[in-house]
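Construct the entire structure; sequences and hints are all you get.
Protein chains: 8
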Amino acid sequence: MADLESFAHLDFGRGDRRGYPEAVYCAGKTTAQLSAIAAAIRERDVPTLFTRAEPEQAQAILASLPDARHEPQARLLAWPATPPPPSGGLVVVAAAGTSDLPVAREAQLTARYLGRACELVVDVGVAGLHRILERLELLRRAKVVVVVAGMDGALPSVVAGLIAVPVVAVPTSVGYGASFGGLAPLLAMLNACAPGVAVVNIDNGYGAGHLAAQIAAA
Amino acid sequence: MADLESFAHLDFGRGDRRGYPEAVYCAGKTTAQLSAIAAAIRERDVPTLFTRAEPEQAQAILASLPDARHEPQARLLAWPATPPPPSGGLVVVAAAGTSDLPVAREAQLTARYLGRACELVVDVGVAGLHRILERLELLRRAKVVVVVAGMDGALPSVVAGLIAVPVVAVPTSVGYGASFGGLAPLLAMLNACAPGVAVVNIDNGYGAGHLAAQIAAA
Amino acid sequence: MADLESFAHLDFGRGDRRGYPEAVYCAGKTTAQLSAIAAAIRERDVPTLFTRAEPEQAQAILASLPDARHEPQARLLAWPATPPPPSGGLVVVAAAGTSDLPVAREAQLTARYLGRACELVVDVGVAGLHRILERLELLRRAKVVVVVAGMDGALPSVVAGLIAVPVVAVPTSVGYGASFGGLAPLLAMLNACAPGVAVVNIDNGYGAGHLAAQIAAA
Amino acid sequence: MADLESFAHLDFGRGDRRGYPEAVYCAGKTTAQLSAIAAAIRERDVPTLFTRAEPEQAQAILASLPDARHEPQARLLAWPATPPPPSGGLVVVAAAGTSDLPVAREAQLTARYLGRACELVVDVGVAGLHRILERLELLRRAKVVVVVAGMDGALPSVVAGLIAVPVVAVPTSVGYGASFGGLAPLLAMLNACAPGVAVVNIDNGYGAGHLAAQIAAA
Amino acid sequence: MADLESFAHLDFGRGDRRGYPEAVYCAGKTTAQLSAIAAAIRERDVPTLFTRAEPEQAQAILASLPDARHEPQARLLAWPATPPPPSGGLVVVAAAGTSDLPVAREAQLTARYLGRACELVVDVGVAGLHRILERLELLRRAKVVVVVAGMDGALPSVVAGLIAVPVVAVPTSVGYGASFGGLAPLLAMLNACAPGVAVVNIDNGYGAGHLAAQIAAA
Amino acid sequence: MADLESFAHLDFGRGDRRGYPEAVYCAGKTTAQLSAIAAAIRERDVPTLFTRAEPEQAQAILASLPDARHEPQARLLAWPATPPPPSGGLVVVAAAGTSDLPVAREAQLTARYLGRACELVVDVGVAGLHRILERLELLRRAKVVVVVAGMDGALPSVVAGLIAVPVVAVPTSVGYGASFGGLAPLLAMLNACAPGVAVVNIDNGYGAGHLAAQIAAA
Amino acid sequence: MADLESFAHLDFGRGDRRGYPEAVYCAGKTTAQLSAIAAAIRERDVPTLFTRAEPEQAQAILASLPDARHEPQARLLAWPATPPPPSGGLVVVAAAGTSDLPVAREAQLTARYLGRACELVVDVGVAGLHRILERLELLRRAKVVVVVAGMDGALPSVVAGLIAVPVVAVPTSVGYGASFGGLAPLLAMLNACAPGVAVVNIDNGYGAGHLAAQIAAA
Amino acid sequence: MADLESFAHLDFGRGDRRGYPEAVYCAGKTTAQLSAIAAAIRERDVPTLFTRAEPEQAQAILASLPDARHEPQARLLAWPATPPPPSGGLVVVAAAGTSDLPVAREAQLTARYLGRACELVVDVGVAGLHRILERLELLRRAKVVVVVAGMDGALPSVVAGLIAVPVVAVPTSVGYGASFGGLAPLLAMLNACAPGVAVVNIDNGYGAGHLAAQIAAA
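These protein sequence lines are chains G, H, F, Y, E, U, L and X, in that order.
Going by numbering that gives the first Met the number 0, the first residue of the first sequence is number 0, and it counts up by one from there.
Going by numbering that gives the first Met the number 0, the first residue of the second sequence is number 0, and it counts up by one from there.
Going by numbering that gives the first Met the number 0, the first residue of the third sequence is number 0, and it counts up by one from there.
Going by numbering that gives the first Met the number 0, the first residue of the fourth sequence is number 0, and it counts up by one from there.
Going by numbering that gives the first Met the number 0, the first residue of the fifth sequence is number 0, and it counts up by one from there.
Going by numbering that gives the first Met the number 0, the first residue of the sixth sequence is number 0, and it counts up by one from there.
Going by numbering that gives the first Met the number 0, the first residue of the seventh sequence is number 0, and it counts up by one from there.
Going by numbering that gives the first Met the number 0, the first residue of the eighth sequence is number 0, and it counts up by one from there.
Any given hint might turn out to be false.
What the hints assert, rightly or not - In silico DSBU-like pairs for lysine-lysine, Cα to Cα no more than 30 angstroms straight-line:
(1) E:K142 to U:K142
(2) F:K142 to H:K142
(3) L:K142 to X:K142
(4) G:K142 to Y:K142
Because the hints were derived from the structure by calculation, they are not lab data.
So this is what it looks like as structure tokens:
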């Protein structure tokens, strides 16, 4: 097994300082590195989320933490598998289209493992306004709404105009051509014509869920 | 007066071929050039729109065509001043915000001078959905709707989802920062999640009005 | 089979409202999701186009809708397989080069399944002007012309200068280097020096065909 | 005075729905339009913020609302001049450099007029870490911290690593060359290596203050 | 007068090596610097072109070289004023629109002062194909054709398809919005679908004229 | 075999008009299409270059034209295999690095098949100036020099400063990171500080060879 | 006079820690702020450089520090006026063109006020290689060479290939069109084909001079 | 074996002139070319680094130079395997995250093979400031610090503010979405708010190590 000190400097006290689980960003790490990190986490008993884990990486983590929960669609692993009991306000995650679901699920699970209750609504894009308007009652119960959308990135503006709480907007790389890998919805969300829209990186479901959990903290 | 042949090759037969007035793009032309062009137009009696005319340029044109109509907000001059009687279907122009009005008026006047009836609704951006929903009856009477919006460029997607006819989307340079001079709404409109959206250049009210007039032709 | 409600909110009434078949954008959807969607479509008997279907996705759809028509080159499936009888005006699709054919076919089939007669001409790029000039009679019979071009994106300007009806311009990602994935023809088309050019997203044959069908509706 | 209905559709009920003052974005509006809007606001007695008001625009507004508060540095006017009594949690605004002050003040005033207590710290950029570390006690009392920075946009990542509450990051156009008008700090903030960072548009002090006020609401 | 050695290292032998006049790029130079350079040129009797000279800069040059020729539209000064007798093949400069004329004139004068005969045709954009087709006989007499165009940049592709000699394509910043300062025609020209197109920098009439003169050299 | 008329409109008279072989751009064409095109070319006996042919595409072409010459490194096929006897002036192709060789070879072969003598020098980048200076005698014998370079794209400026004839500059996608697929050398070449530099598309060896052959024609 | 604490947090101990004068970036600061900062600097006797000072800003600084040195071309003020005696190795600044001189002078003065001997050579661009080759002896005496260039940004690659010490490359915004405000030379320098090239921001003469002084420190 | 002269012009005297080993950039070279180059290197006994070698390329090199050292993580081969004895000052390489390790190792090994002592610290990103602050003593012993970071690229600004010697900043492509392949940290580093930051290309560990070795030379 790789020597942990030679490639990582884990921040095991971070949970104490901020009240949330440690996160390990898997992209660019070797399976040997992830195995060593997972073993150290088990040894020190640190609640952890592993993000952007490809299948082979997930296998390496599960070898050290076999009781972790693995959600392949969201590329996420959580250890321990059971999230904390919900506290704070409700988080609602709204995904514009079915293809935005992996990112939306990553946001939902992150918020849940950081301690919030979290509901997910899917396929409520603005091309059929009745779909989002039908969920207005749920949206208005939330302490914060995460909106996940690719293509035109129009949904956050519409939702922010309908509710009084913050919207966390997540552009996705869903789309093609002049989407330019999510640039189109990113710029649209940064220029949202309604105030109250907080933008995170393209496809960053983890960051959105984390931010929402912080906003909805008691 | 400048010698017309040395800098322009006017296409006086174009009205015959396409059924619409000649257009002269004023940006980058000297006042001497515009005077000579206006004089030639008067002499040959060719209905003409002058687009993107700055005040000094407009004065040069009006010196040769004093009975032209000048709309400074839209930077447009029309000669003769009276538009043709309306034919074809109704064009509706919807502007997301007050700051989009100059471009919206350019579109409206162009469509009108190309022979269509044209109505204008303003300040119907998606941050307050009730504003556009209140105009649904009017929108559904149109043969084509021109939607003018800056910032997030979200309005065309919403409108296209509500009606059965084409939407001509005009991004504007209204906004700042990550609008990047209109790039944000341009990309959003090209990625509209509802089909039936035709995009033109940033701030191109003339092009939008022309296209709408063609679509709504009898 | 996946639970439809958990990932999609199909808009089965849309055909009624807009008069056109439902469309399912396949990119980013799992085969399980597409199977469930296809089964629901069959059950509710909703005419549907499936766009951007990769071979494996097409197989999943055909498993539920074996009598659908599948055009692999255009990545399109249509159900039912028979298009409606033609109504409205003629749509002509012109592709600049052979490599633009997949997008052109997607446009043609879409227009046809939305109820228009539609003819296709191929390899009529501006490097050999006689090729497009030879088809002038056909172009002038159209109610709208879809022009598909990559590289310099020059064909829509030329066509729009020759006819009196709208041109729907589709930039393609055909090319390399400074094409930047279709950015070059996209910008060229947005800056077309002839009025009457409506631009859609790069490689968006479906959107172009849909818009053309709306413009050419009776 | 201009006819209000012809260019604006004010949303006087918005304060009721969301609990915050109306906002009027002044850029691109004529002084005649702003005079008419200000008069209507006085007549209906609607608390309002005017953002991005250039001096001449501010004069037009003050002519109708002479008792408004005008902060030229922040390009902001507030009417009525007295903010509501503070409620909810503390907002802290931290500006990396002196040149970021106009945007930071816009954020501070907005948060204050939306009902939050708000403190401002200036010139605490990361090139001298002791400056931000000296303010740690204040930062840790906040319910949300707004961080305003141009150039490398590094301050939000550092602050987010030091506190447990959300950071609202505002990139500014302060800088030159490869700042590309604020693109550099915008991208840096979207890629913040610490979670809990919410990004708004370049120079968007109003949006940041609004979002912070929502997050810190009771 | 400024001390020449402290800011410039003139290359007075260049004319000998390459057979063409020296060129001084005026942008960014002070009037004092230009005066000193012009005086040195007169003293050493070096034929020179001054490019991109603003009016105040031109005055400084003319103070030292009063018999120079100044063409304000092209921002060019030539000394001595009389060009060499024509040698080599014919250069034709074709400008798509009237607004492209300053760049086209810069190209024409440069080619002429480098020793070529040079003819100019204007306003022959592709929106009216008959305009360029009418000049085919002239174009086919050229040894090289310089094509100057903004907006869609389509003219070089069309011209290159009609003739057998090289086309030097000059994109211009004529246009607005998605022209992005000439990026649109620049990319279009780099992707010209006809071979034989040589591209130079946006608005670089001097470079185009120089290149054309080299290509048409005997 | 596919029906040629349904996807291509070959321009068999082009060789007559311009004096050069037909070219078929293979990217994006199916092997069935290429087979049909190759068969038509054999039948009509039209000298042809096939560019950007991947191995599978080359096999399809060779099946119809087994006596064609195939240069895999340059992705080029030529039919007939024997180039015409050299006429006109000498073309020299200079490649900055070994990795630029495929593009340089494409340029060299193209120039040769269009009838010019053509010499190739490799690995003469500006980091070791003596390498290009050692080849000065050869460069000065050329009628035109094609310079192929990635990374900083500095070689064309240096070469153009050393010779009196045109330089055709070909940026390549060799490099990584801030090369952005060849954007860096493309922009550098467009901004060459020496006049006489003609730029073509990134990796466009064919276009460079064609242009050079035209410039060096007798 | 403005209250210093409300807008700045001067780092008067920085000189001690790093051994170099304090720097005040003037862009975006009001004259009142600069007056207050200059007064505090005089009071505490802190050697300081003021960078990017426009004329009006320089007047405000000189009112408090009348014995400062002001170099308008470089937009720089230094207080005290006398630089420290030279120590460490020689810095050479090489500017490609006369128009790059303001940035080159900013670099030279900065290096000098940080304690290095510094020589400047101007107008040694690669279009005339003999100009830089003539200065080789001087370049080879340097401990570090700052190379300032706009347009193609080719000079750093050439210089780095000729010497054994580091090159600090400063792209400038000199140029037009596809220079895109200095993006072209910036990218070229980042892709320099010779190792040993350190890049700083566009037009950042101060940063280059500072870095060079650090590298050449004893 | 391929004929070396036909594709490479090795600069075997370079080590003499600059005192450092030759470098061969492997990307884009065939295995046959690399074999021939490696054989020539052995024959002439030239110390060499092979950079960006993919596994198959490394095999080809090792076939000719079996005693070379191969570090797959850094994609580097060094021949001879033993680095020179350390001279000059200490180089420290600091990597923000574990995923930046391959680039950091490339820098470390390069500096070592150019003759410097070099220490590596990993996972010291700014989200946990204590990690970098704990290494302050080591950082302050260095003659130059190489900082390797992706995402927000904030670490170089923080480090440069803590030490008195130059920082060589290496942006990496670690990250996703709005990182745009490393553009985000590249721009952040170019805009570093602390002076003394030298930027190299994205992922350019070799260039950073080389530059650091030059700066730390005795």
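Kindly indicate which numbered hints from before are broken by the structure, ordering the numbers from low to high.
none
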